[in-house]
Structure formats: structure tokens, C-alpha cells
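Could you put together the complete structure from these sequences and hints?
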Amino acid sequence: DAGITQSPRYKITETGRQVTLMCHQTWSHSYMFWYRQDLGHGLRLIYYSAAADITDKGEVPDGYVVSRSKTENFPLTLESATRSQTSVYFCASSWTGYYGYTFGSGTRLTVV
Amino acid sequence: DQQVKQNSPSLSVQEGRISILNCDYTNSMFDYFLWYKKYPAEGPTFLISISSIKDKNEDGRFTVFLNKSAKHLSLHIVPSQPGDSAVYFCAASATSGSRLTFGEGTQLTVNP
Chain E
1 DAGITQSPRY KITETGRQVT LMCHQTWSHS YMFWYRQDLG HGLRLIYYSA
51 AADITDKGEV PDGYVVSRSK TENFPLTLES ATRSQTSVYF CASSWTGYYG
101 YTFGSGTRLT VV
Chain G
1 DQQVKQNSPS LSVQEGRISI LNCDYTNSMF DYFLWYKKYP AEGPTFLISI
51 SSIKDKNEDG RFTVFLNKSA KHLSLHIVPS QPGDSAVYFC AASATSGSRL
101 TFGEGTQLTV NP
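Residue numbers (the working numbering), protein chains in the order written: chain E, 1 to 112; chain G, 1 to 112.
Don't read these hints as lab results, they were simulated from the structure. All C-beta atoms, glycine included, are put in the ideal place defined by N, C-alpha and C. A couple of the hints might just be wrong.
Derived DSSO-like pairs: lysine-lysine, alpha-carbon spacing no greater than 30 Å straight-line [said to hold, decoys possible]:
| no. | chain 1 | residue 1 | chain 2 | residue 2 |
| --- | --- | --- | --- | --- |
| 1 | G | Lys54 | G | Lys5 |
| 2 | G | Lys56 | E | Lys57 |
| 3 | E | Lys57 | G | Lys37 |
| 4 | G | Lys5 | G | Lys71 |
| 5 | G | Lys56 | E | Lys11 |
| 6 | E | Lys11 | G | Lys37 |
| 7 | G | Lys54 | G | Lys71 |
| 8 | E | Lys57 | E | Lys70 |
| 9 | G | Lys54 | G | Lys68 |
| 10 | G | Lys54 | G | Lys37 |
| 11 | G | Lys68 | G | Lys37 |
| 12 | G | Lys5 | E | Lys57 |
| 13 | G | Lys37 | G | Lys56 |
| 14 | G | Lys5 | G | Lys56 |
| 15 | E | Lys57 | E | Lys11 |
Take a look, some chain G residues computed to stay more than 12 Å from chain E by CB distance [claimed, not checked]:
| no. | residue |
| --- | --- |
| 16 | Thr26 |
| 17 | Ser28 |
| 18 | Leu34 |
| 19 | Ser51 |
| 20 | Gly60 |
| 21 | Thr63 |
| 22 | Ala70 |
| 23 | Ser74 |
| 24 | Gly83 |
Dropping the structure here:
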């Protein structure tokens with residue numbers, strides 16, 4: 001199916017565990033982004049990628065790792081999950097960096 | 001440093017009336033502005049945008065106004081409908097850049 005998909009939709013994990021959130025897009029968009037949504041903070045950029053093998057930090061990168069070996073995939077890894085990383089995570093993709101973003105449906109992550 | 005700010009966390013209006021959502025920004029490099037709409041359990045979807053070379057852009061019931069001197073933009077919805085009830089995010093970017101910066105969001109409730 002064409003589009004941008006995130007998996008899993010819901011995840012509960014324990015403090016200290018490593019967890020990976022997946023993002024896959026079928027348009028061959030150059031840019032991909034990871035945002036987290038928290039009440040009172042809106043959407044904050046964690047990491048973004050302008051092309052395969054090119055990634056850069058956003059506003060809140062600490063505790064997260066990304067990679068982009070293929071254009072269509074942009075996984076986000078929490079190396080050692082903390083309760084403050086409980087959030088809803090959205091992946092997005094775009095042809096440009098400044099507009100035209102399409103978002104996935106999100107992953108709700110709870111760290112207990 | 002919140003570069004895009006939506007000062008009203010919530011707004012409630014009657015069906016058929018006008019909804020006005022406001023957004024302020026601080027970064028003078030921003031020259032492209034967008035509004036996204038988000039329903040529960042879904043990702044944000046693009047609604048309308050405006051370039052800094054314009055001061056108004058209309059799309060059906062939705063109009064965005066930009067006041068560059070005040071670094072302020074607003075979204076007008078006329079007439080408001082119950083299906084417009086959602087969280088609205090203001091976003092800004094520099095066309096020379098590679099990321100969108102979002103505000104905190106405003107929860108709009110349109111009462112029948």
C-alpha cells in the first residue's frame with residue numbers, strides 16, 4: 001500500500017529496555033522526520049534525514065538514535081528507555097524540508 | 001526557546017460561527033507558514049499554507065492571514081462545523097531550511 005506506515009501502533013516497555021519504532025514510506029521522499037507529541041509542547045523534532053545515510057539532530061535528540069540505510073525506512077531507537085520518553089511518536093516524510101510533510105498514524109509508547 | 005507559539009490551548013465555538021486560531025513566531029528567517037489539523041489517534045494532516053510574499057490565502061472555509069511586521073498569523077474557519085473539532089497546529093519553516101517548527105497546538109471544539 002502506498003503511504004507512510006508506522007509500527008507498532010502501541011508499545012509498552014520497561015525502563016532501561018531498548019525499543020525501536022519503525023517508519024516506512026513508499027513515495028521515495030528524500031526527507032524523513034521523527035517528532036514526539038506531548039501535552040503543552042506540541043510536536044517537537046527529534047531527528048531528521050535529508051537522504052539515505054544523512055541524519056541530523058532536531059530539538060530533543062537526547063536518548064534517541066536513528067539510522068537511514070535505505071531511502072524508504074527511518075527507524076528510531078530508544079537505547080535505554082526512560083519514563084520521560086513516554087509519548088506519542090510521529091514519523092513524517094516529504095520531498096522538501098520546508099513543506100509538504102505527510103505524517104504516519106503514530107506510535108503511542110508507554111515506558112513503565 | 002519556543003519559536004512558534006500558540007497561546008490558546010483550547011477554543012470553543014458554536015456551529016455556524018467563526019473560529020479564529022492564533023499563532024506567533026519569533027524567528028525572522030521563517031518565510032513559509034502552515035496549519036495542520038489532527039484528529040485523535042491519527043497523524044496530523046495538512047490544511048493550508050501561506051508564503052511570506054502574501055498576507056492572505058483562502059481555501060474554501062479556511063483562510064490564513066499573515067502579519068509579518070507583528071510576526072503573527074491566524075486561521076479563520078467560516079462557518080465552523082462540528083467535524084472541524086480537532087487539534088490545530090501552526091508550523092513555520094525557512095524555505096532555505098530543512099525542517100518544520102510546530103507550535104503547541106489549539107484544541108478546537110465546535111458545538112452543535
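Evaluation of the provided hints:
1. Using a Cα cut-off of 30 Å, the hinted pair Lys54(G) and Lys5(G) holds, with the two alpha carbons roughly 21 Å apart.
2. With a C-alpha separation of about 33 Å, the suggested pair Lys56(G) and Lys57(E) falls outside the 30 Å cut-off, and the hint is violated.
3. Among the hinted pairs, Lys57(E) with Lys37(G) is consistent with the structure: their alpha-carbon atoms are about 25 Å apart, no more than 30 Å.
4. The hinted pair formed by Lys5(G) and Lys71(G) meets the criterion: a straight-line CA distance of about 11 Å does not exceed 30 Å.
5. Distance check on the hinted pair: Lys56(G) and Lys11(E) sit about 42 Å apart at the alpha-carbon level, beyond 30 Å; violated.
6. For the hint linking Lys11(E) to Lys37(G), the alpha-carbon distance of about 24 Å falls within 30 Å, and the restraint holds.
7. For the proposed pair Lys54(G) and Lys71(G), the alpha carbon gap of about 13 Å is at most 30 Å, so the pair holds.
8. Among the hinted pairs, Lys57(E) with Lys70(E) is consistent with the structure: their alpha-carbon atoms are about 18 Å apart, no more than 30 Å.
9. Of the supplied pair hints, the one linking Lys54(G) and Lys68(G) holds, its CA atoms being roughly 9 Å apart against a limit of 30 Å.
10. The suggested pairing of Lys54(G) with Lys37(G) holds, with an alpha-carbon distance near 22 Å, which does not exceed 30 Å.
11. For the proposed pair Lys68(G) and Lys37(G), the alpha carbon gap of about 23 Å is at most 30 Å, so the pair holds.
12. Restraint check for Lys5(G) and Lys57(E): the C-alpha separation of about 21 Å stays at or below 30 Å, so the hint holds.
13. As the CA atoms of Lys37(G) and Lys56(G) are separated by approximately 19 Å, the hinted pair is consistent with the 30 Å bound.
14. Of the pairs offered as hints, the one joining Lys5(G) and Lys56(G) holds, with about 20 Å between alpha carbons and a cut-off of 30 Å not exceeded.
15. Under the criterion of a C-alpha separation no larger than 30 Å, the hint pairing Lys57(E) with Lys11(E) is consistent with the structure, at around 24 Å.
16. Its beta-carbon lying about 14 Å from the closest one in chain E, Thr26(G) satisfies the requirement of being farther than 12 Å from that chain.
17. Distance check on Ser28(G): its Cβ is at least 15 Å (rounded) from any Cβ of chain E, clearing the 12 Å threshold; non-interface status holds.
18. Against chain E, the non-interface label of Leu34(G) is violated: not every CB pair exceeds 12 Å, the least being about 6 Å.
19. With 12 Å as the threshold on Cβ separation, the claim that Ser51(G) sits away from chain E is violated: the shortest Cβ distance comes to roughly 9 Å.
20. For Gly60(G), the requirement that its beta carbon stay farther than 12 Å from each beta carbon of chain E is met, with the minimum near 19 Å.
21. The Cβ of Thr63(G) sits about 18 Å from the closest Cβ of chain E, beyond the 12 Å cut-off, so the non-interface label holds.
22. The non-interface label for Ala70(G) is consistent with chain E: the shortest C-beta to C-beta separation is roughly 21 Å, beyond 12 Å.
23. With a least beta-carbon separation of about 17 Å from chain E, Ser74(G) lies farther than 12 Å from that chain, consistent with its non-interface assignment.
24. Every Cβ of chain E is farther than 12 Å from the Cβ of Gly83(G); the closest lies at roughly 19 Å, confirming the non-interface assignment.
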